[in-house]
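S.K.: So you can see what is in the structure, the chains are spelled out below.
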Amino acid sequence: MRFIFKTEYAQDIRLFQHGGQVFWYGLLLVLALAAPYLVSGYVLTQLHFVLIYAIVGFGLMLLVGYTGQISLGHAAFLATGAYTEALLQGAGVPFFISLTCAALFSAAVGVIVGLPALRLKGIYLAIATFAFNIIIEEIITRWEHVTGGNSGKLLKPIEIFGYRLGSQESFYYLCLALTVLCCLALINLLRSPTGRAFVAIRDSEVSASCMGINLAYYKTVSFSISAALTGIGGALYAHKVGFISPEQFTLIQSIELVTIVIIGGVGSLHGAVLGAAFIIMLPQAIAIAKGWLPETIPQAGLQSVVFGLILVGFIIFEPYGLYGRWLKIRTYFDVFPFYRRGTFRRQRSYLRSERLR
Amino acid sequence: MSFFAVENLGVRFGGVVAVDGVSFSVQQGEVYTIIGPNGAGKTTIFNLIGLIYPPTSGRILFEDREVTGAPHHVAQRGIARTFQNIELFEHATVLQNLLIGRHRHRTTNLFEELLFLPSVRRAEIAQREAVERVIDLLDLAHYRDSLVAGLPYGIRKVIELGRALATEPKLVLLDEPSSGLNPDETDDMAFWIEDIQKELGITVLMVEHDMNLVSRVSDRVLALNEGKVIAEGTPEQVQSHPAVIEAYLGGGE
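Chains W and P, in that order, are what the protein sequence lines are.
Be aware that the first sequence starts at -2, since it is given in this note's numbering, and climbs by one per residue.
Be aware that the second sequence starts at 1013, since it is given in this note's numbering, and climbs by one per residue.
These are computed hints drawn from the structure, not numbers from a lab.
Each statement offered as a hint is correct.
Derived, one-sided and incomplete: chain P residues facing chain W with beta-carbon distance under 8 Å: (1) Ile1064; (2) Ala1082; (3) Ala1087; (4) Gln1088; (5) His1115; (6) Arg1116; (7) Arg1133; (8) Ile1137; (9) Arg1140.
Quantities reported herein were computed from a predicted structural model and do not represent experimental measurements.
A virtual CB, placed ideally from N, CA and C, is assigned to each residue, including glycine.
Make a model of the complete structure from these sequences and hints.
M.R.: Structural data, given as structure tokens:
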């Protein structure tokens, strides 16, 4: 077990709390950098998706896990980012500018969606964002001379300063760099006043506002940053698949994105990455498992059933997701043999001022 | 001219008149207590002062300027509060809770924070120094990095007081600071209220039921019943006032 003795305030703020963290995250980064030389081409393309979904997961985690606002419409931001990128690339805009525009435009759309969030809570907000998803989907389908409608849009490989990122490896490094940058930006935000304001809004709106936090402003900021990250993810997604059409950004996609957050573990950035990896690996695992299953089990729709069961299972048995499970396992070995089942049990919450809600 | 004043404050929820034409004023540096039986409208007055719901009549003056806007404007004016049923940020550490209290002293903007520029680092260290003074005063060092969700009721009560003090308020509203505390903890609370008044020079407006605590720390007391003021004066005067005795014990036929 490790005890950290704090002797200066800077220790609270620094990125890594102790040498062990530096070592393990360093190792992870080295492995990530070496991945193209270690794994096969197929696994590498799956890693592209993991990184892209991790960026989207960060965005959704900020909104759902840290600000406590639900969104069932994040596929719409994914679409906004993807189409902005496709259109700007088509117009010959350089990649970094078009990526920035995709992020900014998604953020602007996020502000608009954030407006009802100022008045709606819980299930009502979920329905409003759900409706928003359908609106965006419909706009993409009908606005044919811009978006190409149902026939979709094709994208060319990315070009950076005249260098064509045609290979799988170069695209992987681009995704990795963007994932690390987005992650660092979020960590920075979460250890500064804005991030604390988000957490305050999640845990108690009334007391957050009595501490001087402007609820409307911070909810809007949270929505727009979340949308911007999802837009970046969308732009990369568009390049990854090379062809985008409305049916990639449906409600099902939105639910899949929420699943990343729930399975990964609400309220942790680790969770976003773990959830993304899980979501990408699950269909592969099911495909492999199909060969082993007896003939009597129908093959069609198996994936949705397994998906649903896993989601329900996580909500009932492990509300803190994969990252929560990992924390428990780590604590078990940390304090061995003194771990008790009750260590992580949620405390009875005391009566709260219901009338103020 | 007064430090803090409430003039003809009233609120009506449907047919119920919860607060009915209440006026009082608080001098700078005093401890002013509102007492009254259950349902007298004490907490409602606090919620009106905090602009959590709008009053039907009357106005609130702080440093000779009307208090208007949204709840966060009240906090920015230098009025902090605690809640009767504790409204802490459960899934954050004690330190984070207190740092959220520092929100109105924030000096950095979103873009500096995304990059965590040196200005943000300096500001964060300064905020921690300010919070550490509160932690020292209230003896919370032991719980500094614990999650609020796992802490006992008595400690949470103190953390909530700490969070209000971390905002460096001019006026602090304490909603039943001793409710749910055992006699020892109530005794500590009385010490701290005295410290807040005498050492920090913060004016205290509180709602309280424990008459021992009230008479020990209060300079003046206001008694309410059914939304109306029935008595005002020193703790002794109010306690022996016939209308107050009637409100608590019922009138003789």
